[in-house]
Amino acid sequence: MNRKILVRYGEIALKGKNRSQFEQQLLRNMKSAVAGAGAEITRLHGRFLVEGPAENERLLVRQLQRVFGIVSLSPVVETALDFEAIKSEAVRIAGSLSPGPGTFKVEARRANKKFPLTSPEIN
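Mapping of the sequence shown onto this note's numbering: residues 1 to 123, in sequence order.
Any given hint could turn out to be false.
As the list claims (entries may be wrong) - Simulated pairs of lysine-lysine, DSBU-like, Cα-Cα distance not exceeding 35 Å:
id: 1; residue 1: 17; residue 2: 114
id: 2; residue 1: 113; residue 2: 87
id: 3; residue 1: 87; residue 2: 4
id: 4; residue 1: 31; residue 2: 4
id: 5; residue 1: 17; residue 2: 4
id: 6; residue 1: 17; residue 2: 31
id: 7; residue 1: 17; residue 2: 87
id: 8; residue 1: 114; residue 2: 87
id: 9; residue 1: 114; residue 2: 31
id: 10; residue 1: 113; residue 2: 4
id: 11; residue 1: 105; residue 2: 4
id: 12; residue 1: 17; residue 2: 113
id: 13; residue 1: 31; residue 2: 87
id: 14; residue 1: 31; residue 2: 113
id: 15; residue 1: 105; residue 2: 87
In case anyone wonders, no lab produced these hints; they're calculated from the structure. As the structure is a computational prediction, the values presented were derived from the model and not from experiment.
With these hints in hand, go ahead and build the complete structure from the sequences.
So this is what it looks like as structure tokens:
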């Protein structure tokens, strides 16, 4: 089973006309960092998606953390485009985490604007 990691990067997104050059260099650096881990990297608008074997997830994260320009890595969980499926998966993930202070906040930002619920309705 493959795992996906969403990669966000920093200031290079602000560099106007040179943006694509900076993104290309970051992509080359990321590919070099994860070489041999069986990962594929897809370019999204303003970020990257790294997909690789589940057994290499920790290695991928460790290697990507060393790439200059990356500001955050987030695990990706895909579900059906259905609110109940999304809610069920969120509850499953929250239940698997170690107990914290007792409360937490959910803040949704929809990548798919065609989803029938607005972000505030999901929250």
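Status of each hint after checking the structure:
1. 17 with 114: The hint holds at about 31 Å.
2. 113 with 87: holds (18 Å)
3. 87 with 4: holds (19 Å)
4. 31 with 4: Roughly 15 Å separates the two Cα atoms, so the pair holds.
5. 17 with 4: holds (30 Å)
6. 17 with 31: holds (23 Å)
7. 17 with 87: violated (41 Å)
8. 114 with 87: holds (18 Å)
9. 114 with 31: With Cα atoms ~32 Å apart, residue 114 and residue 31 stay inside 35 Å; holds.
10. 113 with 4: Distance ~21 Å between residue 113 and residue 4 Cα, so the pair holds.
11. 105 with 4: holds (23 Å)
12. 17 with 113: holds (28 Å)
13. 31 with 87: Holds: residue 31 and residue 87 sit about 34 Å apart, inside 35 Å.
14. 31 with 113: holds (30 Å)
15. 105 with 87: Holds. Residue 105 to residue 87 sits at ~14 Å (cutoff 35 Å).
Comparing the model with each earlier hint shows a violation of hint 7 alone; every other hint is respected.
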